[in-house]
Amino acid sequence: MTENKNMKSKFQPTKEGYYGQFGGAFIPELLYPNVKELEDNYLQILESSAFQEEYKDLLQHYVGRPSPLYLAKRLSEKYGATIYLKREDLNHTGAHKVNNTIGQILVAKHLGKTKIIAETGAGQHGVATATVCALMNLECVVFMGETDIKRQAPNVARMKMLGAKVVPATSGSKTLKDATNEAIRYWIQHPETYYLIGSVVGPHPYPDMVARLQAVISEEMKVQLKAQTGNENPDTIIACVGGGSNAAGAFYHYLDDEKVELIAVEAAGLGVDSGESAATSQLGEVGVIHGSKTILMQDEYGQITEPYSISAGLDYPGVGPLHAFLHETKRAQFMNATDKEALDAAFELTQLEGIIPALETAHALAVLPKMNLKKDQVVVINLSGRGDKDLETYINHLED
Amino acid sequence: MKTLKNIFQEKKNLLSIFFTAGYPNLNDTTAIISELSKNNVDFIEVGLPYSDPLADGPTIQDSSQVALQNGMNLDIVFDQLKSIKDTNSTPLVLMGYLNQMLKYGEDKFCQACVDCGIETLILPDLPMIEYENHYQQLFKKYGLTNVFLITPHTSEERIRKIDAFTEAFMYVVASSSITGAKGEISKQQIDYFERIKSMNLKSNLIIGFGISDVKTFNTACIYASGAIIGSAFIKHLSIHGTDNIAQFIDPLKS
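Chains as they are written, first to last, in my numbering: chain A, 3 to 402; chain B, 4 to 257.
Mixed in with the good hints, there may be bad ones.
Stated by the list, open to error - Cut-off 25 Å, straight-line C-alpha distance, at most; resulting in silico cross-link-like pairs (SDA-like, lysine to any residue):
| no. | chain 1 | residue 1 | chain 2 | residue 2 |
| --- | --- | --- | --- | --- |
| 1 | B | K238 | A | Q305 |
| 2 | B | K164 | A | N43 |
| 3 | A | K176 | B | G74 |
| 4 | A | K117 | A | V168 |
Keep in mind that the hints were calculated from the coordinates and are not lab data.
All figures in this text were calculated on a predicted structure; none of them were measured in a lab.
Throw the hints in and build the complete structure from the sequences for me.
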């Protein structure tokens, strides 16, 4: 296996998939052959020239990369800093999720898989998966919580139009956690399928593989910042975190450069201490969820508690093991935003810059008023997705 | 309480029954154990209800949810099991998910098992490599052993490794599946059972997942020391409660 040049970084996982104490692969024996097959092959595939060529070609001509790095002048003026938006919302399918699905669908093809399964929260990953399955002519089944199916109807329609089967998850809180449980159970019963996980969660090697595929975000940021500011490093990067894939991508190439401040924003729901929240780093403790040791929201007996956020993509009781490690080592600062703060931030960006962000992304924007920003401070906010899917929520908010 | 070791030495065609602690009612645990014991069930798997049981099908998921709604938790189940330690003679095996042990405290959890007379655990999401690196010593300290699963897709090399680690029994998962009654055993499954049997492993074999009635139980017993029935028994409890357990067990023991 090729030795990656980043292997020395303490933010790269060990051979067993550990970031410090977090990570690993806590899977039932039934999934061992699948996970082992992926673990044995993923680095070799990702680093092969055949993969790289096809991946880069699709990112450029199909997804529309590089995504612009846009200096948001009116937003900058309002908050007294130099704020750039990394426009992942302009990607095909409307979010950063497609960077990962393009990569993993190629991995699946290299492994000879013909049927793809995925979980989805907001539906962005489901749409991105259904899209690449249409593109590659592969069968696609997407698991989505019943609650999320109701609150993200446009994405459900998109997935169906793309030919995917959408299976409602009716257990537990009927959201992302339960959709993931159902996807894993289906995977156990259909070991011939490829499970295309949408975030930096799950058993090793998924967190590392998804982080590597999303790393294109920070790779481009370096080049774009250098061209626009003369310095490839910003002072601060802000990204929202549910499972944490867009944050992992935006942070990836800056992890070892401690001068760059990293801010991860979680969903506080109705408030961190309200009992209706998804701020895992504040409310969680070490545990195992979906095959990974990480921080998760649980009761005193280790029962996983049901999170809450207005944003389906952040409504998850855990966080990827890399983020658990960034939190523990204080490499990233974890902040949070409530439903209301996120809604206000979404309207503010729309009115100042003419960009309607996804509700998930709005959480990242919502911490700007809480920060002590300086005029010459270069801040990059990862604008992870567009808000079309959230229009119903936004309209209701307008009418309130 | 007899040990599993005694049971495996003394008997053949072992019948093991799984149930979820706290289902159908919070305080049914000891009554169910006593009924199963009275009806000559050879060993009993007590399931610790969990919020996110990844390896379980709808029947056990539902029973777990009901048990949690009934207020079941680890303190209560350990108290219930402790209360029958001196009267119950049928070996108990505890089945739960790793996070329950982590959060409860690894030592505290192991000590509680010892206090209940439990020597054998099944934690389906504790993989062999993690066991080897992090848990083997801990379990040894408390005289506990973990049961590992094998499936139709487990390689021979890995089965041999699991065999070396196995002390109580090897859990032969009958099909690539989550738990739940399937109705019958296919030719493909028989081939798999035969393949495992012909490997002449040192471990005792117990077949589970999809064993639901006399027919499937008897078939499983041809290839293993016995079999585990879970979902079918939970379904029985959901209809008959704890009153008619003999009705479910009798045909299996005849």
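Do the hints match the structure? See the list:
1. Distance hint between K238 of chain B and Q305 of chain A is fulfilled; the C-alpha atoms sit about 24 Å from each other, no more than 25 Å.
2. Straight-line distance between C-alpha atoms of K164 of chain B and N43 of chain A comes to about 22 Å, which keeps the hinted pair within the 25 Å bound.
3. Our distance criterion of 25 Å between C-alpha atoms is met by K176 of chain A and G74 of chain B, whose separation comes to about 21 Å.
4. Taking the CA atoms of K117 of chain A and V168 of chain A, the gap is near 14 Å; set against the 25 Å cutoff, the hint holds.
The structure fails none of the hints (numbered hints given earlier).
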